[in-house]
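Chemist: Given next are the chains, with one letter for each unit.
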Amino acid sequence: MADRPLRAATTTPRMNPLQRFSAVIGIDTHLLGMVGILAALWIAFDVLTNGIFLSPRNLFNLALQASVVGILATGMTLVIVARHIDLSVGSLLGFIGMFGAIVQVDMLPVGAWYTWIVTCLLMLVLGALIGALQGWWIAYRGVPAFVVTLGGLLIFRNGAWQLSEGKTISPLDETYRLIGGGIEGTIGEFWRWVTGAIAIAGIIWLSLRTRKKRQRYGFSVKPLAVEWALIAVWIALVVAFVQTMNTYHRPRTEIPSGIPIPFLILLLVALGMTVVAKSTKFGRYVYAIGGRPESAELAGVDVKRITRFIFVVMGTLSALGAIVITARLNAAASVTGTMTELNVIAAAVIGGVSLTGGTGAVFGAVLGAVFIQSLENGMILLGIPTPTQRIVVGVVLILAVWVDVVYQRRR
Amino acid sequence: MTGAAMATSPPLVEMRNIYKHFGGVHALEDVSIELASGEVLGILGHNGAGKSTLIKILAGAERADAGEIRIEGEPVTIENPRDAKTLGIETIYQTLALAENLDAPANVFLGRELTTQSGLLDEEAMEHETGTVLNRLGLQIASLRETVMNLSGGQRQAIAISRAVYFNAKILIMDEPTAALGPEETAKVAELVHRLKGEGLGIFLISHDIHDVFDLSDRLAVLKNGRLVGVCRTRDVTKDDVLGMIILGKTPRGQPPRDAGAPGESVPGAMGGGE
Chain Z
223 MADRPLRAAT TTPRMNPLQR FSAVIGIDTH LLGMVGILAA LWIAFDVLTN GIFLSPRNLF
283 NLALQASVVG ILATGMTLVI VARHIDLSVG SLLGFIGMFG AIVQVDMLPV GAWYTWIVTC
343 LLMLVLGALI GALQGWWIAY RGVPAFVVTL GGLLIFRNGA WQLSEGKTIS PLDETYRLIG
403 GGIEGTIGEF WRWVTGAIAI AGIIWLSLRT RKKRQRYGFS VKPLAVEWAL IAVWIALVVA
463 FVQTMNTYHR PRTEIPSGIP IPFLILLLVA LGMTVVAKST KFGRYVYAIG GRPESAELAG
523 VDVKRITRFI FVVMGTLSAL GAIVITARLN AAASVTGTMT ELNVIAAAVI GGVSLTGGTG
583 AVFGAVLGAV FIQSLENGMI LLGIPTPTQR IVVGVVLILA VWVDVVYQRR R
Chain X
-9 MTGAAMATSP PLVEMRNIYK HFGGVHALED VSIELASGEV LGILGHNGAG KSTLIKILAG
51 AERADAGEIR IEGEPVTIEN PRDAKTLGIE TIYQTLALAE NLDAPANVFL GRELTTQSGL
111 LDEEAMEHET GTVLNRLGLQ IASLRETVMN LSGGQRQAIA ISRAVYFNAK ILIMDEPTAA
171 LGPEETAKVA ELVHRLKGEG LGIFLISHDI HDVFDLSDRL AVLKNGRLVG VCRTRDVTKD
231 DVLGMIILGK TPRGQPPRDA GAPGESVPGA MGGGE
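These protein sequence lines are chains Z and X, in that order.
Going letter by letter, the first sequence gives residues 223 to 633 in the working numbering.
Going letter by letter, the second sequence gives residues -9 to 265 in the working numbering.
With the rest of the complex left out, here is chain Z:
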């Protein structure tokens, strides 16, 4: 009896070529599909616009435009995975942005070296505090996140208006503005290669370390050739990205722009949030709660504390988004960020984050943000009027979720 397993080993599931490919390279088929669709969209737009879409200049703009929604979408991933929603992030962009503008323009000395640092820190702290407050209502007072953050949407949008009595505050601190990725807001020739080199070193180190560890425990590993081929592909992508960003020159100069700072922030946030989601206890608990909150609680997870912390993270990322968007606009208005919450939720959902909770990757949500921004950007280049653009995004949203439903049913 003792040598018989409880249930015979499962048969190896039948896999189609795509699934097998995704298993080999270790990326989810859903994400792989996303990348494929995004690539198809880009090529289509490029053909339709006679090569404008994939020009370095447009890619530079696209990177810039996708940043704010992408940053927020990483946090929205955790929120939705844990079966919640946050409708207040757009209003928070406006409110925290207005707060930051007032701090740096009215309260701190104009042009001092520390003005931008103090402003950013205060904004991030405010974002975390607002997130903690909303999270407290949701986790400890049992008010549904939809209601709390819908209240937050009204409160912070109009709070922004009251802070400035409806005025737009501009211009902002010069150093602060660099974060928005304006003409000077990029990392130049030298630093972009440093960034690229760090990324490449990181890829190699991470791949080989994981491999070594799996071997130590006697687990199966990919063939060494496949491992290196994968590393080579990643390195090629990094080099291609850095090179593209570099071929766009600052207007009327020969100076390469390098990577816009907001996009660099997005990359770092996406990387950091992926680590948080996949490799920390907190991230593990977020997914466990999304799977079944009661089970997580019975397993010993402090569901309330984790829930509140999810909103602290979302609030902090909202503040980061507020910094980027006000820096880019060089102004804070009470309407800044209106409707952004819907783009952020759409980005997460298109990126494969399931509204039923428990599944979805940070990287997918970022791809979703890039996808939505690519759609808008491409349609603008084609001269399609704004209302039509929004209609298309709406249709795409429904289609994306439909594809996900079909995909889930097939599993």
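The hints are simulated quantities; they were obtained by calculation from the structure and are not laboratory data.
Heads up, a few of these hints could be off.
[To be verified] Part of the chain X face toward chain Z, derived, beta carbon under 7 Å:
(1) Gly101
(2) Glu103
(3) Leu111
(4) Glu114
(5) His184
(6) Gly188
[Said to hold, decoys possible] Facing chain Z, according to a computed beta carbon distance under 7 Å, are these residues of chain X, among others:
(7) Gln84
(8) Ala87
(9) Leu100
(10) Ala169
[Said to hold, decoys possible] Okay, the calculated beta carbon distance ranges per label pair:
(11) X/Asn158 / Z/Val416: 45 to 53 Å
(12) Z/Pro445 / X/Leu104: 50 to 58 Å
(13) X/Ser142 / Z/Leu459: 51 to 59 Å
(14) X/His201 / Z/Val617: 38 to 46 Å
Values in this document were obtained by computation on a predicted structure and should not be read as measured data.
Ideal Cβ placement from N, Cα and C applies to all residues, glycine included.
We have chain Z already, so just place chain X on it with the hints.
Modeler: Leaving out everything else, chain X in the frame of chain Z:
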């Protein structure tokens, strides 16, 4: 191991005069039970008799309105599942309480993850340990990285058991452990109960079906309508006696109404008056 042998040292678990009501419904009224190390106590009763509520209070999933819990003689407060686990109380729920969207190692270590020196999750170590504990229990899962929702009922049960046993539990609560299993898997669970009992664990087996627990239990406690009908040594009674207790709420003739050394219980003369 039971009875006189335990008289010198305090019992592993004592639940005394436990009360719990939901709204106007009295789920538990003045229930007291004890469990010794290396003992299996079957808790029987119809659906709604209060057995699940009783063990949920011990597991930290519910809080008693009144009553006292002692572990090895020490009064303890159990406010949530984390408190219970700290005290060495592990529970295998009927629903198994697994996160279906996660894999086996994630479930076994949920709430108590192994981390590397940098504080990040040590996936490889958890996968390795999960394989080890499954092996030790004579259980097996082909693909540890598969999400639980794609596994069979027996495999899920294996994960839930591994999770309860891995962290050196002193007290194991099994709620309807074999209700969802086939004959072969049921035998497997029975063997496991014997083994863990031999290792000195105290085990609560909860069931509404006497056949599930009769052969495994050293003693049986019967609940009806939130009250304790009685506790008896399994070897002193027949299944029919116990069925009588479950259905009629009466202790069998010639049988002491309660177990020796279980103080504080009101002796039920005619029970089941709540209906």
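Chemist: Mind listing which of the numbered hints don't hold for this structure, in increasing order?
Modeler: 5, 6, 7, 10, 12, 13, 14
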